[in-house]
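Fit chains L, V and P to the known structure of chain G by using the hints.
Chains as they are written, first to last, in my numbering: chain G, 1 to 118; chain L, 1001 to 1490; chain V, 2001 to 2147; chain P, 3001 to 3491.
If you're looking for bench data, these hints aren't it; they were derived computationally from the structure. It cannot be assumed that every hint is accurate.
What the hints assert, rightly or not - With a cut-off of at most 27 angstroms between alpha-carbon atoms, the simulated DSSO-like pairs for lysine-lysine come out as follows:
1) L:1110 x V:2066
2) V:2071 x L:1110
3) P:3361 x P:3440
4) V:2065 x L:1029
5) P:3108 x L:1372
6) P:3167 x L:1368
7) L:1449 x L:1373
8) L:1029 x V:2071
9) L:1368 x L:1448
10) V:2071 x L:1030
11) L:1449 x P:3108
12) L:1110 x V:2062
13) L:1101 x V:2071
14) L:1362 x P:3163
15) P:3108 x L:1448
16) P:3108 x P:3363
17) L:1030 x V:2065
18) L:1029 x V:2066
19) L:1368 x P:3108
20) L:1362 x G:118
21) L:1029 x V:2062
22) P:3163 x L:1368
23) P:3108 x L:1373
24) L:1372 x P:3163
Just so it is clear, the structure is predicted and the values come from calculations on it, not from any experiment.
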Amino acid sequence: MVLEMIFAKYNYIIYITLMTIGFYGMIGKRNLIKKLIGMSIFQYSIFLFYVSAADVSGGTAPILLKEPAVYVNPLPHVLILTAIVVAVSTLAVGLSLVIRIYREYGTLDEDKILELSK
Amino acid sequence: MITDHLPILLIIIGFFGAFFTPIIGMIRKKLCSPWATFITMLQFLISLLLLYNVLAAGNLSYWLGGWQPPWGIEYAVDILNAFVLVIVAGVCFLVSIYSRKSLGLEVPGKEIPLYTLYIVLSTGMLGIVITGDVFNLYVFLEISSLAAYALIALGGRQSAMASFNYMIMGTISASFILLGIGYLYVMTGTLNMADLSILLPGIYGRPVLLVAIALIVVGLSIKTALYPLHTWLPDAYTHAPSAISALLAGTFTKVGIYALIRVMFTVISPSYVIETVPVMSMLTWLAAIGILAGSILAIAQYDIKRMLAYSSVSQIGYIILGVGLANNIAMTGGILHILSHSLMKTGLFMVSGAIIYRTGIKNIYQLKGMGKKMPYTMGAFVVGALSMIGIPPTVGFASKFYLAWGALEAGKWVFVIVILLSSLLTAVYFWRIFENVYFGVHETEEIKKDEAPLSMLIPIVIFAALVFLAGIFASIPIEVIKIWVIGVLP
Amino acid sequence: MKAAPVSNDIILRTGASIMVPVILLWGFYVLVHGAIGPGGGFQAGVILAAGFILYTTAFGLKEAKKILSVKLLMVIASTGLFIYTGVGVLAIIFGGNFLEYGVIPIGETPAEASKYGIEMVEIGIGLTVMAIMLSIFYDIVLKEKGG
Amino acid sequence: METITSFSPGLAVLVSLLGALMILISGRRPNIREGFSLLAGITKFGIVASMIPVVMSGKLIELRLWDVLPGLPIMFRVDAFGLLFGLIASFLWIFTTLYSIGYMRTLKEHAQTRFFFCFAIALSSAIGIAFSANLFTLFIFFEILTISTYPLVVHIETPEAMKAGRKYLLYLLTSGVFLLFSIIAVYHYTGTTDFAFGGIIAGNGIPANMVILLFVTFMIGSAKAAFMPFHSWLPSAMIAPTPVSALLHAVAVVKAGVFVATRIILYIFGIDVMSETGLALAMAYVVAFTIIVASLFALTQDNLKKRLAYSTISQLSYIILGVAMLTPAGITGGMMHILNHAFMKITLFFCAGAFIVASGKEKISEMNGIAKQMPFTMIAFTVGALGMAGTPITAGFISKWYLLIASVEISQIPLLLVLLASTLLNVAYFFPIIINAFFKKPERELSYKEAPLFMLVPLLLTALISIIIGIMPDEPLALVSIAVQNLIGGT
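Chain G on its own, in the form it takes in the complex:
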């Protein structure tokens, strides 16, 4: 029963697992780059959720065909495209911040940075 549910909703399980990993990376890791990696995992887990939610079983890519067919919902994909762009930009900003921080303090360890900035 439980197993069945896990298999039926495996996409949720995956995205939540990824989300937790990402969240841990953002909060738990002290290295700024690892934080950024965590951030990306966190964001992409949500994108996975969107995309998997759009799936229609047996559906095909939403390209107009001659004969009628079942399409998956294209809207979430479009939305996530935008979200990916946002995520990439965030990552870019994050990375350039990390570079600046590294040049300022010579380290990427958060604790050390906090100590140095006192």
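Same frame as chain G, now just chains L, V and P:
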């Protein structure tokens, strides 16, 4: 004819202006700042026109690409939007005048990225406010946040770290909001706010909706720096360039609060978030704790910008308290406090920037004699601070009056006490500055008058004057807000 | 500042010189198929940028900047956005709403006008995305080199 | 009741605001600056006085300005009681201005522009309080008064003064918060904040314990009246320059507090509610306690200004006591005492200031034999002190007489005893000063003369007036009796 397109023009002009800035900058770097002023001025004028149109002719709706909502993206303007638009655009406009000298000193030689981002930030915030589509709201939220991270990072040595922490928090918040929106979409199949508000009552029983609400509320609480999710704010405001602190303090958190109001009271019906699920009463308690904690933490600070930042935490609590009490009086007070806090906090941050510009002093105990050195600037500071304390006839008094009355109306005595007690705490941390600025210097030698440059002074004085005028004629904004509030919470 | 190190790896260089044109061509393909198929400005922009990034990694920043300088990127980004808003505003001028391509008299039918309109917009987006991606890349590379 | 609309009350407030502005502008030229100060004072008194005939004929003057908050306008309404207070404050401002000019110049005080500026603002708000038609307007001016007097209190800017200033603010801002709360609550329950002759609390279905709570918060809110236990800011505030103590802490600020307390008791709660709930009597006993204890405190003070401050605390409570007795005689006595105490106490403070300026002495123990050097000042002081004790032919007698009658009328013998005891205490703490000054020989030869004319003339005049009121109290009594009639007949 062109007036029909005002909602989209507001945004187009912004993005056009932003991406034209580098080209302007290639001609002459000095032109960037007047360009930003020009663009934000246009946006401000459009916002005023929008408010006028909404008041005269009722709500506006603009369909992007001519697609009828819920299929297309809709820009919907009602009184609440228009009111917040005017505040945001107005603050952006005035700060841009101020920023020329201030940023010229604090961030020299970086005009091009600076003003590009400035316009992006202002446009992003206006976009959040004007859009009638939840996903669009997310996109604009991220656009403006990205610009904000970058702008904050332009500040001093520690700004990069402050910006990084803000980015981590901001991303968590945005992701939560995205997830919440995703749940709403999965449940209803629409992203249009008006459409959602029709479809959501059909699924009020389902627990998934609770998850969605929880995610969105938490996400927006981080964005608005609601205590205890405020941790990013003090660092960010302290280390950002002064003009940027002024801009962010005046607008950015307010936009988050606007989004909260919009989602809670327009998309989801008020009765659901008030009665069925006690989201609002939870928010009020957090807000009340935030009001006190923010004030007390502000008392503990000696860096003037950090003190103002903590005071923001407290003041944001006021707004959310007003919203959370969710009767029409408190709500009016809360929305009015968006206006008053924008006016006074922007003014105060601008003053702190002017002091830094002239003297480089950040420590409030070193401000001795500043009242003689910069009389007009400090006069504006006094007006702003008195308004923060809630002394009549400033605008801070008007909103506090409504908030306290609203709390009384709701029968929540605790909050009445919190609101009133906090004004005393506010008095404590501002009075320290008054004492230092105005008193205890007459024995030392004559202090030379050294006012801030006019381009900084004029916006500062305008803000002080607005604090005062909006306080004396507070019934005008209140009447405007009330029309909207009574429509939502009869 | 010392010059950006140039990879001398012959495999990378040869591979790149074969791959880059293909990648760019594919990018353009994706760009112009946005209206009727899966494709469009974002993807195309990223693909195009990836092509240039590959070029930069193989031949060095200096060479890359000869082709696409930072200033030029700024102009491209601005132009791309200008095309986007321009088409949108054009729709307003012809009496529609923003981005309501159907009203622009460029095709026989509104649907065809729509198609061309979308293509224009996609090209604008593509250019902007490419320029921005590339300038982010440049920026990060520059910062790493301490420039 | 007939009301007429006129700009006079608004003008009266505006005049000193304009005056303040002119003072600020002409700050570099002392003569012009003080000219403006004086001009504003005289104009203001003229405007206020011009309203006397109208009010005496039983009409009210009303001026509704704009709505600050929807339904809460800035509104002035001049009735007999308000006019009385307005007259006192604006009349004495002229004297105080003259006196301050002498005081500040002789002592070569710093920041005189700030001093005159804040003074004008404070006066403006005092008049605003006097003429307010509703609690909301009153509160606005009340807070402005608090803020604008702060720079006056800390004028000398020593650490001690700053500390006193903090205490001053702590008390007055806190009380402001309480007042604000009460106003909001009243507005919430009754939908209005207008003063009405019968009170506005009655008949709104407010729960009884809520009425009591409101009364308590209101009274804390009028802590400017300095009744115990909210009095301790007043002696601390004596660190201010003497003209400030004289006008503000004997007339404007504390009287504003008393005025507000009276307004609240009579015009918000109303006589009926006050007597039904027994709040009036409770209040009467609180202030009776204040009268006695403050007098005892006064006995122990060696600093003349502090002794006068405690005397003020005690005397102010007379006013509230009279009002709280709720009989026509009591109210008449209370209101009359606002007038009488103003003249007597300002005389005493003027004298204290004259001592400081002429001899530099603040302590009572150092004033032996001072009368020989400063005979006029000392005579004026004696007049004031006699008035305080309620000696006949001085102003103090009139009010005390009414108060005694009232206490007999409501057959509260303890209150009667308190009044009598207080008279004795007054004698006890004032007469040693006078006796020592006249008859005791100073330890050393004294070498100073009378204070400058700018100071001497005002203090003699106020002393004279307080005697004139004592002999011919008809005019002010007529004004007060209109106020009382309105109250009693209005219910």
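Hints, verified against the model:
no.: 1; hint: L:1110 x V:2066; verdict: 24 angstroms, holds
no.: 2; hint: V:2071 x L:1110; verdict: 15 angstroms, holds
no.: 3; hint: P:3361 x P:3440; verdict: 16 angstroms, holds
no.: 4; hint: V:2065 x L:1029; verdict: 22 angstroms, holds
no.: 5; hint: P:3108 x L:1372; verdict: 20 angstroms, holds
no.: 6; hint: P:3167 x L:1368; verdict: 21 angstroms, holds
no.: 7; hint: L:1449 x L:1373; verdict: 4 angstroms, holds
no.: 8; hint: L:1029 x V:2071; verdict: 14 angstroms, holds
no.: 9; hint: L:1368 x L:1448; verdict: 13 angstroms, holds
no.: 10; hint: V:2071 x L:1030; verdict: 17 angstroms, holds
no.: 11; hint: L:1449 x P:3108; verdict: 23 angstroms, holds
no.: 12; hint: L:1110 x V:2062; verdict: 23 angstroms, holds
no.: 13; hint: L:1101 x V:2071; verdict: 26 angstroms, holds
no.: 14; hint: L:1362 x P:3163; verdict: 24 angstroms, holds
no.: 15; hint: P:3108 x L:1448; verdict: 22 angstroms, holds
no.: 16; hint: P:3108 x P:3363; verdict: 21 angstroms, holds
no.: 17; hint: L:1030 x V:2065; verdict: 26 angstroms, holds
no.: 18; hint: L:1029 x V:2066; verdict: 24 angstroms, holds
no.: 19; hint: L:1368 x P:3108; verdict: 23 angstroms, holds
no.: 20; hint: L:1362 x G:118; verdict: 16 angstroms, holds
no.: 21; hint: L:1029 x V:2062; verdict: 25 angstroms, holds
no.: 22; hint: P:3163 x L:1368; verdict: 17 angstroms, holds
no.: 23; hint: P:3108 x L:1373; verdict: 23 angstroms, holds
no.: 24; hint: L:1372 x P:3163; verdict: 22 angstroms, holds
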